[in-house]
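Please model the complete structure; the sequences and the hints are all you need to start from.
Protein chains in written order, with our numbering: chain S, 448 to 999; chain Z, 591 to 743.
Source of the hints: derived by calculation from the structure; they are not laboratory data.
Every value quoted in this text rests on a predicted model; they were computed, and no experiment measured them.
Any given hint could be a false lead.
As the list claims (entries may be wrong) - Derived coverage of chain S by chain Z (criterion: at least 3 residues anywhere in the stretch with Cβ under 8 Å from a Cβ of chain Z; other residues may be distant):
# : stretch
1 : 502–508
2 : 513–521
3 : 575–587
4 : 600–613
5 : 812–821
6 : 841–854
Claimed, not checked - Within a straight-line C-alpha distance of at most 20 Å, the following computed SDA-like cross-link-like pairs (lysine to any residue) qualify:
#  : chain 1 : residue 1 : chain 2 : residue 2
7  : Z       : Lys735    : S       : Val824
8  : S       : Lys530    : S       : Gly880
9  : Z       : Lys735    : S       : Thr802
10 : S       : Lys846    : Z       : Pro629
11 : S       : Lys689    : Z       : Asn592
12 : S       : Lys904    : S       : Gln892
13 : S       : Lys846    : S       : Val824
14 : S       : Lys846    : Z       : Ala702
15 : S       : Lys530    : Z       : Glu680
16 : Z       : Lys735    : S       : Gly656
17 : Z       : Lys735    : S       : Pro610
18 : Z       : Lys735    : S       : Glu798
19 : Z       : Lys735    : S       : Asp916
20 : S       : Lys846    : Z       : Thr627
21 : S       : Lys846    : Z       : Ala701
22 : Z       : Lys735    : S       : Leu576
23 : S       : Lys846    : Z       : Gly625
24 : S       : Lys530    : Z       : Thr605
25 : S       : Lys530    : Z       : Ala696
26 : S       : Lys530    : Z       : Ser669
27 : S       : Lys530    : Z       : Ser657
28 : S       : Lys530    : Z       : Phe604
29 : Z       : Lys735    : S       : Lys689
30 : S       : Lys689    : Z       : Pro594
31 : S       : Lys689    : Z       : Thr654
32 : S       : Lys846    : Z       : Arg686
33 : S       : Lys846    : Z       : Gly704
34 : S       : Lys530    : Z       : Gln656
35 : S       : Lys530    : Z       : Asn596
36 : S       : Lys846    : Z       : Ser657
37 : Z       : Lys735    : S       : Lys846
38 : S       : Lys904    : S       : Arg889
39 : S       : Lys689    : S       : Arg724
40 : S       : Lys530    : Z       : Thr654
For glycine and all other residues, C-beta sits at the position ideal for the given N, C-alpha and C.
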Amino acid sequence: MTIRRGTYDATAFDASPDDVADVVIIGAGPSGAVYAKYLASWGFHVVCLEQGDWVGTAEYTGNRQEYEVSMYGTWHKNGNIRKLPSDYPVDTSEADVIPVMYNAVGGGTIHYGGHFPRMLPSDFRVRTLDGVADDWPLTYEDLAPYYVRTEAEFAVSAMPGDPAYPDGPAAPNPALPINAYGRKLAEGFNALGYSWWPAPNAITQSTIGDLVPCVRYGTCEAGCPNGSKASVDITHWPAALKAGTTLVTGAWVSEVTTNAKGLATGVVFSDRNGVQRRLRTDLVVMAANGIGTPRLLLNSTSAAHPNGLANSSDLVGRNLMLHPTAMAVGVFDEDMTSWRGPAGQNIHSYEFYETDVSRGFVRGAKWLSMPTSGPLVTSDLLAPADRDTRGEELLDHIKRVMGHSVLLVILTEDLPHEDNRVTLDPVATDRHGVPAAKVTYRRDQNNIDMVAWNLRKAEEALHASGARDVILHDVMPDQPGHLLGTARMGTDPETSVTDPFGRAHDVSNLWIADGSLYVTSGGVNPTNTIAALALRGVTELVRRAADQEVAS
Amino acid sequence: MNMPPNYRGVSEPFTLTSNQHATMLDVAAWFLPDGSTFPPVDAVDSDGSILELVLQELRPWRRTIQSCLDSAAEHDMGSYLQVLQQDDLEAYEALRTLVLGRYLTAPEVWAALGYTGRRPSPIGVGEAERWLSPDLLQPVLDRGKIYRPTPSG
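This is the structure:
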């Protein structure tokens, strides 16, 4: 074995063609990090291939004068605009919502807001309770122990006792302050009799591992310049590397190779100079997110897998769910310094999360409040007519809203549809000639009705909170673009891609670890669930390891 | 931990020619004509340091912005921008972000708007409890659990 341990760039990868890794993980985001840390602790030699790079805390702009401008350019949510060397093109010309991803060590946790809710018990039983979509092959109770461990590893701040959830142990940190704008909103919810609670966040208030206490820059979605938000480059990768993992950056995987029996034998990847390399392995873990994982599986065709790897069900890439999200901006007379973080969610409400058929749709939405921002971003929160003004009139509008407002975000559940999918782009490729991803995603009438109804209720709630004006923003194309459902888990190989733990039905030494596994989307931010599912999956992988069939 | 080199920042620098710079100021003057309350657009960023920061962050828009500034120089600014907004909204928004971003990043404009910028604000002992007192959560607690129990799988 000559595969060097530690982290280095793919251009320096010098393993022998005879080397066989125990496990190759594709992607160093949250699910890949959970797998790597756990497997390494059990002695497996893991090689993780990540096409992005490490991002140092000093690269984040949140504590700099130019922070807001960076959100429109180098830190844009849309990789098609940002165009970092690690980004690959995604055709979104037929998508109502744009997928949001970040290719780096840390993956989506670099760019996420640290919102860290669990799914609710009913989310796992949608077919049974509401007669739509499918039940998950596990229950909330099955996942609860893994949520507890995940929340500890992500140094979550939360208040115990949330009435929207079954009781459980306390998080490592108490809840973050709800600030003046959270209190203002909570008073309105109380007036209407709505349930609410200080929201959980993967943002620490104490020194835990390499994380340090939050100082509320409120810039989480462009990376935390203070190192307080739990991104897995801080929370997981140092331990995984210390335990002997190999983490190769700048490694663009194009294909998972298989043998005549259909077992995975290795991967093909290119370094940033285009030099193609091969690596043999006993086991492959896909952790490239809900777009990248189906893209690579579909690109990995062979005689044994003519429609792509693990795709005998024809479900790889299908049932994409993206959490369409709308927003109501409440503008108040009082100055609440509402750009103060963390951001981070502030308070949340599950008042309209469960199905009530009298509303005209099934399932529902989570409401969450967030801080606003400085003047440039505030200019985009204005009503369209105000945004189109110029000069003093525009600046007066900005001054009226900035610091005086609260964002009430409506994160909705979108039901799975097979036509909402990821396919290989017939024309566009990445920098190494691998077909790009094409995303087809249309919101259904249930979701359109759900958003419209919730916006009306949010407007009422903000007025009840004392808002002078309410500005409604219908579904925002780049918010949040969670990547879910494209290699769903289940018990039946005809209606699912993996078993209830993430092992592919068709390929016994191929595991899927990321949000692709989702059966239904729920209406909550997914990172906690993705990480908990990964922890549950890798625990099972280790339990079965002695009987694991391998190609070599 | 020895990390490999980072390639994130490698890209062509984004600067403006003198003609593009002059046109940028004309664009800025169209979006932000002088008034009486806020600093004049040509009075901020006198040393160009803010523009430099803004351009670096808008590197993904370099070609779009440079092309638009070159084109705008040949037209009446108001007419040009109105047509651009109709025909190429993405390019229009890039120009808007450039000039508003430059202006709204200037400290004297922040002062006029009442914005302090991003400052570290450590969480004080007892602060979280203070925002919840007295008894802000009591109605929620009185109502009790709201989740829907499920048959176990």
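Indices of hints not satisfied (ascending): Hints 5, 7, 16, 19, 25, 26, 29, 31, 36, 37, 38, 39 not satisfied by this model.
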